[in-house]
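Chains as they are written, first to last, in my numbering: chain E, 1 to 240; chain Z, 1001 to 1206.
These are computed hints drawn from the structure, not numbers from a lab. Ideal Cβ placement from N, Cα and C applies to all residues, glycine included.
Listed next, the stretches of chain Z that the computed footprint assigns to chain E, with coverage defined by at least 3 CB atoms under 8 Å from CB atoms of chain E:
(1) 1005 to 1013
(2) 1016 to 1027
Pulled a few chain E residues facing chain Z out of the computed Cβ check, cut under 8 Å:
(3) L105
(4) A112
(5) F133
(6) L137
(7) A140
(8) T144
(9) V166
Here are the simulated distance ranges between beta carbons:
(10) W60(E) - A1159(Z): 53 to 63 Å
(11) T48(E) - R1105(Z): 47 to 57 Å
(12) F187(E) - F1006(Z): 21 to 31 Å
(13) A65(E) - A1123(Z): 45 to 55 Å
(14) L68(E) - R1105(Z): 40 to 50 Å
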Amino acid sequence: MFLLWYIPLLLLAILLAVLVRGRAYKVHPWFFAYAAFGVAADVVRFLTERNISVYRVTYWATETAYWLLGIMVMYEILQRALGNLVRTGWGRLVFPSILLIGLGLSLARAQAVPSALNGYRHYIVVGAIAVRFSEVLIFAGLATLVPILGLRWRQYSFGIATGFGVYGTVSLLATTKFSDFGTRFKFLWDVTQIVSYSIAVLIWIWFFSAPEQNETPGSRLSAPSPSVLEEYKNAMRRMR
Amino acid sequence: MFSLIFTWLIIAWGTLACIYMLRCAWTRFPRRDLDDVVHFLHPVDLSLAESLLDPTADFELRWHSTPRAYREATRRRMRLYLELVRRMSHNSRVLIEYGNAIMRRECPNEDQPTDTHDNPRAALASDLQHAAISVRLYALLVVVRLRLRLWFPLDAVGALPALQLAHLRIAGDVDGPKTYHELKTAAEAAFVQFQPADLPVLTRNL
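Build out the structure end to end from the sequences listed, making use of the hints.
This is the structure in structure tokens:
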């Protein structure tokens, strides 16, 4: 069990190496920052775990930084996947709307299920769940756009969204379901979180291990790239 | 209560999206390449589409049938037109992929804005994509309307008037048959340039 705790750290270190090798920090700087922070935060947590009071502060501080970085990564994904759509007209409202929905649902959940935590820790958990909702919404939205608009799914943005989506979905499911059962299932909840996060990191490693441009070599066909969305936007403008 | 329902809906949506992405990764579609595009196209009978959208034919049918028979005939015609529109949508998707592959070949650096005026070959692919996207948007709007009307036949209980197919000619300012014809022209122009040998099959299958 002790080893299971450190699998995500190992996988995050591999992911960081893959990102550096593929120079992904140029394309997805916020995601790179997220992965680098993930490694650093896990190392610091490991180093401080013998001192409970320091560990507690470190844990909650890194948790807050995690979800703040998560928000930035989500914005980066939308910007990359939808191109200029997120900067114009209604597209500008997409990201704040998703965040607001996530926050609203998280607050409603906090109201319905009283938390054992209090003070700032309660708000950190509310923020973290809001980010999970946003991650799942963005992932599910993008995945829905693949068959509808014919977007190319094998691209870094979708890879990042898929990782967050898988982790977010399992995390929300576990949080919602286990909260019905009570604290007896905390161990199972922890294991579910670690396994789903490890799967998410494996997905990121898989997506980033192949260069984005060489995915369709030669005469191989692929669905449209995000740049084609611009064409959709123009077509929609003509319709109005 | 509502938040719980929304939470479960989001979880279900996320799970479905996970399953879909898994399927994408498993099948690694599309498995077409430039040489066999034409064999993935489904023939669309535009003259049949025109006859279904003809308001005179609709009026004549209404005139010569009982309301019940007219409703049944309209539903049959709606299903037929739905099939045609689905084929249009499928073909436009295949051609978007084709145009995309050509664009990638002609303009390898995708992140740079491309001026297609400098590259007539890329301009052909761009025209093809434009037309295909218009057809796809048209198909999206029409399929939703037709599916809703087929799932909820409110006209049978008199809650809504029967759908006149002629009203489906234009959806979102796109004239369906006309735009599909433009798509055919753009595809033929692209095939003349890139794959002249496949042109007869394209004409037959599109």
